[in-house]
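Counting in this note's numbering, the sequence shown runs from 1446 upward without gaps.
The set of hints was computed from the structure by calculation and includes no laboratory data. Among these hints, one or two may not hold up.
Said to hold, decoys possible - Computed spacing ranges between beta-carbons, pair by pair:
1. 1468 - 1543: 40 to 46 Å
2. 1508 - 1550: 37 to 43 Å
3. 1550 - 1463: 51 to 57 Å
4. 1531 - 1446: 26 to 32 Å
5. 1550 - 1456: 19 to 25 Å
Backbone N, C-alpha and C fix where the C-beta goes; we use that ideal spot for every residue, glycine too.
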Amino acid sequence: MGVRIEPIPNSVRVQISGDVETTLSVPYEDDDRFLVALSDGTLLVGSYDEELRCKFDVARNGAGIVRFENGAALVDWRMEWATIGVYDANVVEPPSIKPMPLFPDLDEVLH
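The task is simple: from the sequences and hints, build the whole structure.
As structure tokens, this is what we get:
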């Protein structure tokens, strides 16, 4: 079935309906952005403007298909949980990871 995530007008809360039914308060920390994580691996970035209009963008695609409709985000995939948190750039843009050497002993001999 999936979920529909939509802002509640004139408030800083979002309504999630579908496989998961809940209302979540948007946390704030010096930023008008927040994160919504879903059990399929989808990570959404929500942001508010000065008139409390909310907009969602995809930070990371999960297994589901994300669509946007009238200010709401719809994710078509079976969901077990949803959570909301403050925006953290380290979550949205993880640092690049160095690959492990295949033969560490051989690298030592060659250098």
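Numbered hints the structure breaks, given as an ascending list:
5
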